[in-house]
Structures are given as structure tokens and as C-alpha cells.
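Chemist: Take a look at the letters that make up each chain.
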Amino acid sequence: MLKVRLIPILLHKDFGLVKGVGFDSWRRVGSAMQTVKIYNMRNVDELIFLDITATEEGRRPDFELIDELADECCMPLTVGGGIRSIEDIRNLLLVGADKISLNTVAVENPSLIKEGARYFGSQCIVVSVDYVLDKDGVPKVVTHSGKKKWDLNLYDWVKKVEALGAGELLLTSITHDGSMKGYDLEIIKKVSGGVSIPVIASGGAGTYEDMYQVLIKTNASAIAASSIFYFTEQTPNEAKKYLYEKKIAVRYKKM
Amino acid sequence: MKKVAVIDYSMGNLDSLCRAIEKCGKEAVRITCHKESLREVSHIILPGVGSYKQAIENLEHFGLKDLILEAVNRFHLPLLGVCLGMQLLSEVGYEHGYSNGLGLIPGEVIPFNNTHNSLRTLHIGWNEVKQIRKHDFFYDIPDGEDFYFVHKYFFKAEDAYILATTEYGNTFPSVVYKDNIYGVQFHPEKSQKEGLKMIKNFLNIVG
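Chains A and B, in that order, give the protein sequences. So the first sequence is numbered by this note's numbering: it starts at 1 and just counts up by one. So the second sequence is numbered by this note's numbering: it starts at 1 and just counts up by one.
Simulated from the structure, these hints should not be mistaken for lab results. Values in this document were obtained by computation on a predicted structure and should not be read as measured data. The beta carbon of each residue, even a glycine, is placed where N, CA and C say it ideally should be. Watch out, some of these pointers could steer you wrong.
Unchecked claim - Result set (SDA-like, lysine to any residue): computed pairs, CA atoms no more than 20 angstroms apart in a straight line: (1) Lys253/A with Lys152/B; (2) Lys37/A with Asp15/B; (3) Lys193/B with Arg42/A; (4) Lys130/B with Gly207/B; (5) Lys37/A with Ile141/B; (6) Lys152/B with Ser196/A.
Said to hold, decoys possible - Stretch by stretch, here's where chain A covers chain B in the computed footprint (C-beta under 8 angstroms, at least three residues): (7) 14-23; (8) 76-82; (9) 156-164.
Stated by the list, open to error - DEER-style ranges, computed between Cβ atoms: (10) His116/B with Asp156/A: 22 to 32 angstroms; (11) Lys156/B with Asp14/A: 31 to 41 angstroms; (12) Lys53/B with Glu57/A: 53 to 63 angstroms; (13) Lys253/A with Asn170/B: 19 to 29 angstroms; (14) Glu57/A with Phe75/B: 35 to 45 angstroms; (15) Tyr98/B with Ser85/A: 58 to 68 angstroms; (16) His61/B with Glu57/A: 52 to 62 angstroms; (17) Tyr94/B with Thr232/A: 46 to 56 angstroms; (18) Lys114/A with Pro111/B: 15 to 25 angstroms; (19) Asp66/B with Lys140/A: 48 to 58 angstroms; (20) Pro111/B with Asp156/A: 38 to 48 angstroms.
For reference, chain A alone in the conformation it holds in the complex (with noise of 0.2 angstroms):
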């Protein structure tokens, strides 16, 4: 049967990466290749790489950089960050990315999804969208690497990328990343029930007791982590050890 997958975020900065708490307070951790020749070890199903800066700096996403990271990666790469064209896509897929994100162009130019989807197919297109709740507790979305917030509401903006041919959604909740806290479960819950394809969670693992609470409450297809591999002794390959052993299907190895 289909594995649930595990899947690192690696966020990029000026000249490496870094990792936040509620999108701001970033601190430095480490090289991007440095971090995916260890991933390439630690038996993680696919990793995500995000420019967090790109639209801001209103750049390009970096097809070099991408294209040495893609090389050296040895499973499905999702490359997201500043994508504002069907070129930026179609050269992302070129120097390797398997899967693009799009997350503030999405909003802001949604005919993307629909294009980007018909050129390239709707499994290489993931729109990641961040959210944070409005004053009465309704999620709304946010760009522009959590600064820019939209008067629009999160579950009817999931759907209308879905019917748009979005292939996947990487759903992050500003709010809980970086807690380490445990994910939004309430509304992951919403939002994978509400959209037929496969929603990755994202924002607040702490503990593999977290990941699976997400995986048994919710119908996510995915969990994406970042700063318990970073700021904790951790590890993706115990983490799945854990799921496994709760019976979660999952790609486990012992290693």
C-alpha cells in the first residue's frame, strides 16, 4: 500500500539556510548542500526546497544553486521560491527539480496553477499555502514568506486550487511553525477532508508523537518537518521507527 512520506523542508536565505519560529526570528543552520548529502543518508522520502526570499528581493528563483542541490539529491526534489512564470517552471524541471511549489504567485497570478498544470501536468505542480487566523479564529491565507495577509478564506482557497489542477498542497499553519509544539491538527483535519488531493502538513513537529497524531486524526498524505531535525537529537529514520512500530505505513528501514 501507498507509504505515508516524511518529508524535510529546507528553507534558503541569502546564502544558506536557515529556520524560524512563526516565520521570523531566523537563525542560521547550515549549507544547503551540506544538509541534503545528509538527508541523503538519513532515508527521508523526498525534501522540499524553499527560497524564502526570492519574491521579496522580487528575484528569480537561483537555477544554479538548484541545479547542484538536484545532482547531489537522491530522492524527488520539490523546488519552490519565487516562481513567477511558466519559464521559471519549465527551467526548474529542467536543471532537476521534480515537483515545483507555488505559493505567493499562486494567489496573486492563479491562472499559473491551471497553465502550469496543462504544460507540465498536475504532479509536478504543489501550491504551498501559509495561514494564520484572523480575529475570529478563521484561517486566512498569508504571503509573501508569512508579511503580506489576504482577505481570503483558507478552506475555500485550497479548493479553488485543487479545481485549478494543483497536483498537491503543502499546507503550513504560520502560527504553530517552529513551536515544536505539535501540529494544527483541527485544521489539517478540515482542509484534507475538504480537497481530494494530497495535502502535506506542515508547522509545529516536535515530537514523533506529534507526526502521529497528524497521521491518525487527519488525512494528510505527508508530513514535513524542519526544525526538530534541526534543534533536537531527533532523526527522520527514528521518527519513521516510531510510526512503524504504531503500525502507520510507512518506508522504514533499520538502519
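Following the hints, complete the assembly by docking chain B onto the known chain A.
Modeler: What follows is chain B alone, placed relative to chain A:
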């Protein structure tokens, strides 16, 4: 030493595949149009990511459809179709409308129908490949090993042409074959150690 031809019809990235071929000790050569010669070639790989319809249009446009058919029918070169490449081996596909495929292995390409269960519309991730028949194609690869899939449609082939199956709602063919033609629905070049073994096994098949 003869080379491994990788058909480049502008759909999908070939780097991982070419690197995998090199790791197996062979040289990869990208074939982009019908004018290229297959004289120095021992094996052909047909990759692909995207839509069936667009793929067939591209193959025809660049004269690659004829080149592949000649390679297989006249020169009996072993051929491996990967992901969409496997689907193109079929007689017909229904993605974005009806399209004729290469017609090398009987069967049609249709979408998964998982509306009655909670499975997602796209089959993305690692899943088990259950070997139905013993074959050198699986040499040194444990039965039930996980490989990486990413697709929405599958190749509905007759039993006689199925080498392995995978479960996703229904059981579908994950490896098909006929004579010296092989098709894998998953991406061996993305499936780490076991994927590399499979590519090596294919490259050890003599035409």
C-alpha cells in the same frame, strides 16, 4: 562500447536518468530527433512526465515515434518506458481526450477511480511493487520493495503482459513487458538503491 539512448522529447528532466545510467557503467546519449543514428546504441529508454496527449504529439513532431518503432521492430533493441514513457507503450490513452499510443503493448491508459474511497486522486509516494513473475528484470530486488510513484493514470494491460502489480485502491500493473520491451510506472531513477539495480538489470538484457 555501445551507448544507452534516452529519448528527449522535451517532457521531463533527463538528468537523474542519465546519471543513473552512468552509475551503471554505461554512457547515455540523448536522442532529440529522427535524424539521430541508433548505430552505436544498445538500449533505449523512453522517459516522460506530463500528459499522454502532449507526449505523443511531441514524439510524432520530432519523428521520434518512427525512430522508436524502427529500433524495436527492425533492430530489436531493448526498450524501457518510464512513468509516462511506460504509458506511451500502450495502444491508446485517455488523458485530455483520446490519443493513439505507440501500440507496442496491448492495453489502454485510464485514470484511477477512487471516488468510492478516501484515496487521493493522484498516486504520489512510495508503494510496493509485487513481482508476479520471476524475471531477470527483478534480479537481486526483493519482492514487495517500495518504489517512487507519481501519476494520475495507469496502464490497464492484459495479464500476459504484467510482470508486477501495485495496490492503489485497485491493483494496477506497475511493470509491464512484451518481448524486449519493458515499462515501469514508477521512477527507478528516483527510487534509490533498488531503482538503480533495476536499471542495471535492464541494461544487462541483451537485444
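Chemist: Counting residues of the region 156-164 of chain B with a beta carbon closer than 8 angstroms to any beta carbon of chain A, are there 3 or more?
Modeler: violated (count 0)
Chemist: Would you mind confirming whether the straight-line C-alpha gap from Lys37/A to Ile141/B stays at or under 20 angstroms?
Modeler: 25 angstroms, violated
Chemist: Tell me whether the statement that chain A covers the region 14-23 of chain B is true, taking a Cβ distance below 8 angstroms and needing three residues at minimum.
Modeler: holds (count 3)
Chemist: Given the hint that Lys37/A pairs with Asp15/B, does the C-alpha gap stay at or below 20 angstroms?
Modeler: 18 angstroms, holds
Chemist: Between the alpha carbons of Lys130/B and Gly207/B, is the straight-line distance 20 angstroms or under?
Modeler: 26 angstroms, violated
Chemist: Range first: 46 to 56 angstroms. Now tell me if the beta carbons of Tyr94/B and Thr232/A are that far apart.
Modeler: Since the Cβ atoms of Tyr94/B and Thr232/A sit about 48 angstroms apart, the hinted range of 46 to 56 angstroms holds.
Chemist: Would you check chain A against the region 76-82 of chain B, counting CB to CB pairs closer than 8 angstroms, and say if three or more residues qualify?
Modeler: Not satisfied, violated; 0 residues make the cut.
Chemist: Going straight from one Cα to the other, do Lys193/B and Arg42/A come out at no more than 20 angstroms?
Modeler: Given that 20 angstroms is the threshold and the Cα spacing comes to 13 angstroms, the pair holds.
Chemist: Please test the hint of 15 to 25 angstroms on the beta carbon pair from Lys114/A and Pro111/B.
Modeler: 18 angstroms, holds
Chemist: Could you say whether the range 52 to 62 angstroms given as a hint is met by the Cβ separation of His61/B and Glu57/A?
Modeler: Since His61/B and Glu57/A have Cβ atoms about 39 angstroms apart, the given range 52 to 62 angstroms is violated.
Chemist: Is 53 to 63 angstroms a correct range for the gap between the Cβ atoms of Lys53/B and Glu57/A?
Modeler: 38 angstroms, violated
Chemist: Below or equal to 20 angstroms on CA atoms is what counts here, so check Lys253/A against Lys152/B.
Modeler: With Cα atoms ~27 angstroms apart, Lys253/A and Lys152/B exceed 20 angstroms; violated.
In this structure, the hints that do not hold are numbers 1, 4, 5, 8, 9, 11, 12, 14, 15, 16 and 20, in rising order.
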